[in-house]
Structures are given as C-alpha cells and as structure tokens.
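Based on the provided sequences and hints, a complete structural model is requested.
Here is how the chains run, residue by residue.
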Amino acid sequence: MPGLEDLYREIILDHYRSPRNRGELESPPAVRVEGFNPLCGDEIVVTIDVEDDVLADIKIAGTGCSISQSSASLMSAAVKGKSLAEVRELIGTFRQMMSIHESTLPSDGAGGGSSEAAEPQAIDIDALGELAALQGVVKFPVRIKCATLSWNTLTQGLDEAGVPA
Amino acid sequence: MAELTTHTGGGPALDAATLAKDFPLLSRKVNGRPITYLDSAASSQRPSAVLDAMREYDETTHANVHRGVYGIAEEATRRFEAARTNVGRFIGAPAPSREVVFTKNATEALNLVAHSWGRSNLERGDVVVLTEMEHHANIVPWHMLAAERGIELRWLPIDDDGQLVLDDLDAVLDGAKVLAVTCMSNVLGTLNPVAELAARAHAAGALVVADACQAVPHLPTDVSALGVDLLAFSAHKMLGPTGIGVLWGREELLQSMPPFLGGGEMILDVRKDGFTPNDIPWRFEAGTPPITEAVGLGVAVDYLRAVGMDAVRAHEISLTSYALDALRDRFGADIRIFGPQAAEDRGGVLSFAFRDVHPHDISQILDEYGVCVRAGHHCAKPLMRRLGVNATARASFALYNDERDVDTLVEALDAAGKFFG
Ligand SMILES: Cc1ncc(COP(=O)(O)O)c(C=O)c1O
Numbered sequence: 001m002p003g004l005e006d007l008y009r010e011i012i013l014d015h016y017r018s019p020r021n022r023g024e025l026e027s028p029p030a031v032r033v034e035g036f037n038p039l040c041g042d043e044i045v046v047t048i049d050v051e052d053d054v055l056a057d058i059k060i061a062g063t064g065c066s067i068s069q070s071s072a073s074l075m076s077a078a079v080k081g082k083s084l085a086e087v088r089e090l091i092g093t094f095r096q097m098m099s100i101h102e103s104t105l106p107s108d109g110a111g112g113g114s115s116e117a118a119e120p121q122a123i124d125i126d127a128l129g130e131l132a133a134l135q136g137v138v139k140f141p142v143r144i145k146c147a148t149l150s151w152n153t154l155t156q157g158l159d160e161a162g163v164p165a
Numbered sequence: 001m002a003e004l005t006t007h008t009g010g011g012p013a014l015d016a017a018t019l020a021k022d023f024p025l026l027s028r029k030v031n032g033r034p035i036t037y038l039d040s041a042a043s044s045q046r047p048s049a050v051l052d053a054m055r056e057y058d059e060t061t062h063a064n065v066h067r068g069v070y071g072i073a074e075e076a077t078r079r080f081e082a083a084r085t086n087v088g089r090f091i092g093a094p095a096p097s098r099e100v101v102f103t104k105n106a107t108e109a110l111n112l113v114a115h116s117w118g119r120s121n122l123e124r125g126d127v128v129v130l131t132e133m134e135h136h137a138n139i140v141p142w143h144m145l146a147a148e149r150g151i152e153l154r155w156l157p158i159d160d161d162g163q164l165v166l167d168d169l170d171a172v173l174d175g176a177k178v179l180a181v182t183c184m185s186n187v188l189g190t191l192n193p194v195a196e197l198a199a200r201a202h203a204a205g206a207l208v209v210a211d212a213c214q215a216v217p218h219l220p221t222d223v224s225a226l227g228v229d230l231l232a233f234s235a236h237k238m239l240g241p242t243g244i245g246v247l248w249g250r251e252e253l254l255q256s257m258p259p260f261l262g263g264g265e266m267i268l269d270v271r272k273d274g275f276t277p278n279d280i281p282w283r284f285e286a287g288t289p290p291i292t293e294a295v296g297l298g299v300a301v302d303y304l305r306a307v308g309m310d311a312v313r314a315h316e317i318s319l320t321s322y323a324l325d326a327l328r329d330r331f332g333a334d335i336r337i338f339g340p341q342a343a344e345d346r347g348g349v350l351s352f353a354f355r356d357v358h359p360h361d362i363s364q365i366l367d368e369y370g371v372c373v374r375a376g377h378h379c380a381k382p383l384m385r386r387l388g389v390n391a392t393a394r395a396s397f398a399l400y401n402d403e404r405d406v407d408t409l410v411e412a413l414d415a416a417g418k419f420f421g
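Chains A and B are the protein sequences, given in the same order. So for the first sequence, the numbering used here puts the first residue at 1; every next one is plus one. So for the second sequence, the numbering used here puts the first residue at 1; every next one is plus one.
Since the hints were derived computationally from the structure, they do not count as laboratory data. All clues given are correct.
Pairs of lysine-lysine residues, derived as BS3-like cross-links and limited to a Cα-Cα distance of at most 27 Å, are as follows:
(1) B/K29 to A/K139
(2) B/K418 to B/K29
(3) B/K418 to A/K139
(4) B/K381 to B/K104
Shown next, in the form of structure tokens:
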C-alpha cells in the first residue's frame, strides 16, 4: 500500500494552499471552458488567451480536492507563456505519466480523458519539472481523474481555440 | 408485534460488538489497522448466515425456477418463493406472496414504476412531485418520462435543517398524479413524514411511490402503516447480496400495471400475433431471476428480524447521538453537519463539511486509518446544489457499528485536519 506521502507531496500541498493563476480572464477574447469530474462533482473553469503561437495567459477557477486544485495550479504555472506546440507536448507527457493506470479505469466519457492503451513509453520526467510531484497519484487510481481534470479541460480549450493538435 | 422489554426505542438493546463478529469482512485490516466501516448507506456488509445460505443453496439446490418438474427445480422454486413471502411479511405486505416483485436493485424498481405505471397513466402536462432530497434513482426515471411525455416535475423544497417544507404542500400536490418521496435521505438522514405525505397526496388524487432504500435496513417498516402505493429498496443495503432489489406494490395496483421488460417468465402465452402477460408478481420478472440472491435476501431478513428492527433503530439513535456530540465537542465550528440536528429526527447518516478540506482528501486520509467513509455527491446532485456544496463526506452506521467506530472516526478526522493544516 503506497503511503500518503506519495500522494500529498509538499509541492502539491503548497499549490493547493496557494494556488497560482486563480480567477478568470475576460471572455471573449479569452476562450473559456468548463470541466466536470462526474465522480465527485468537482468543477473547473479554465480561461486562456492565445496570442500568435503562444499561450499568453491562463487562469483557473472552480472548486475541487487538493489533487485537482494543485494539478490545475501546477499546470497553469507550467504552460503560461509557452509556445502552443510546447503546451501540447507537455500535455502529452503529463497524460502519459497518468495514463498507465487511467487506461485500466472505465472511461466516464468526461472531457476525452481516455487514453490509447498503448505500451507505456519512457516518460521524460525531467521535462515535467515540478509536475513530476504528481507522479504518486498513479498509485491511487481513483484520484487520477482528479489530477487529469484540468488538463483535459485545457485540451478542450486549445481545441476550441483552433490550436492544431 | 412481539412483546418487547422497554428500552429507549422500545426494543431490547443490541450488542453491536457481538453482532460485528457475525460479519467476516469486519475482521479484516485496512492499512494495518482494524477496519472501521462507516459506509453502510452505500452498501452494508453481510453476515456469515447470508453468505453460508447462498453457498449452501448453490451447492445443494440450484436449478432454474418455475416449470421444473424434477425435484431440485421444485425445491429451488420453493426457496425462491419462500424468500419472496418472507420479504413481504418483513415489510407488512398484506399479500406477501403476490405483492413483492424482485428486481435487480431499487433503481430498477423505480424505473419499473415510471415505465410501467408512468407510461400507461401519465400524459403531457401531468404533474409528478419529487423532493429536493431524492436520490438520482428517484429523479432520473421521471426526467426520462418528462423528456418523452412532456410531464411536469414539481419539487418539494427543504429548509436549512434538511426537513421538507410542507407549508405549501397542498398547492404543490394540487393536480399532481404522483408523489415520489424518499423515506429517509441517504445524505441528510432526514426521516420524512411519509404516512402524512401519503394521506395528503391521496387526498389530492396522487399515487405515492416511496424510496425505502435507507428505511427498510434501519427502521421498522410497515407498508400498510405508511399508506403508500409502491415502495422500493435494495437487498445490498440491508445485509443481503447485490444483484437483487424489491418493488412492493398494492395488489390491485400491480394487477393494473402492464409488464416492464419482456421475455420468459413474464408471460402466460406467446403466439405469433402477440402474448398474454403472466399474473403478478411474475409479470414484472422477465428472464431468469436472481435466485441465489433471493435466498440470501431471505436470510438477511431473518437476521434483521431476529435482532429486531426496534432494537436496530434504538441502537442507531444512540450511536448517532453519540457521534453528533463527539464531533461537535471535538471540532466545534470546524465541522458542519448537514441535516436535522437531533438524533431522534434522523437516521444514522452523517454528511459533513470539515473546515475547507475537500471530502476526497478527508476520505483519503481516513482510509489511512482504516476508516471507510464515502466522499462525493451521493447521487443527489439537486440536493448538493441546495446545500451549496459539490460534495460531502458521509459516515453512515449499521447495527454492527459502535462507539469505538465513532471514536476512531474522530481521531482520523483530527489527523486529516492537522495534515491539511
Ligand atoms: C435513497 C436511495 N435511493 C436509491 C438508491 C439506489 O440503490 P441501488 O443503487 O441499489 O439501486 C440508494 C442507494 O444508493 C439510496 O440511498
């Protein structure tokens, strides 16, 4: 049985207690997307400003558990100011980190979180920086949906903004 | 009712720690600690008597029921039908062998009502009255009928104490064809005045459908005293197995209802040009029923009857009262317990908000202490919206819980509070 310290790393608790990029950008011009975790009723609102090929700004609103809130906060810090290609890549890497177990969970059809049941490839953990703190979540399968909620919502936002996949 | 020595609830006191020994799962450990199972509102554990009876039936008697000529088929049929009658008697059914329909669970029982009775009696504009505290199982089937038929749903509101607001009851019931109401909220523990509601609804000409999922396992339940027309519950919340639920209905009412699913068992005759439905209750039991599960449910009923439902209720009042005091004493303003504040007004279900720690996180930390509580919307999203929360943590009791379980819950919650500082 994995221990709680695998799940609740210091970085996670820090982002939970002091979430970064809280709020909503004015939309329009920002793209605004809502995500739901049907398991627990958590709701998240992601607003993004796309300028040229850069994710110029992002804000996160909504409520949720420490894992969903810190994952959203960590995500916002990681993607803000990055090129759209980098953002897409980071989402891919993050999903990979989470998908090893997620692929074995029944899909709830929320936000396209299902993953192709491919062989887990070696993940470039270094590329994830602070996000690697969320690695322990895969040991708690029911919490994976909490961690991926904001990422799936961001993906939906990029799609709606017409950013190529 | 049998003579009972008088205690608080009118029944002989039960000894939860002794009863807990009958439940094999309760002797296991979770994360190296003895399990503290506080999620019986979602599903209860089963005593050895139930597990053994199901195994014994499977090993000695199993065959398909009805129409079998050979010995064990007849025996299987007899045991299946005996379970039906036993369940019927347990809830005071006037005609226990004809009024109990076995379904997959309470959800299917409520869908049966909306589908069979609803589709043959409700038309565009007809009104179905629900309450804000219903489980999705008693909401969505009516929503589906609303989408299909254009019926109107009206909602009886609750007050801040989690009690139904009945001031405008007659106005809400005016012109209603159905009142569908839970006997006890699976989130708030609120015990609704079902007998009074049924009388008022009948006066307004409405059919009364009761969701008794949380009542039958925890309170003496008598369908005649309640005065309802239809009543649904699930075996797995009352010490029985999953895979079987019950719809009880007044005999003449069931007689008037068309079949739900079609297939074997539910027919008297099938021709190329049509079919003749079977008599009740089999008319509503298409296909091979959950036979082993019915045997298990019958024994679960025997177990509850032997303990005594008055004793179960008295025990749960005293345990709930102890828990309310313990949680308030330890956490004061840090804990918000939803629903009626006095133990006598509620069942053994405690939903709470603890500081601003999310229910998921509470449940995760509690698990570390072997404490099983549910976190989420409890299939009652309209109620969550009314309470102004996305989710709650919920501890719920059964006859095998005692004050030590509450003490462990309090300690684990304290740890969760410290963890999230
Ligand atoms: C009040 C109430 N109604 C209906 C249900 C649905 O029961 P089941 O899932 O067994 O059909 C439940 C249990 O979750 C409940 O608590």
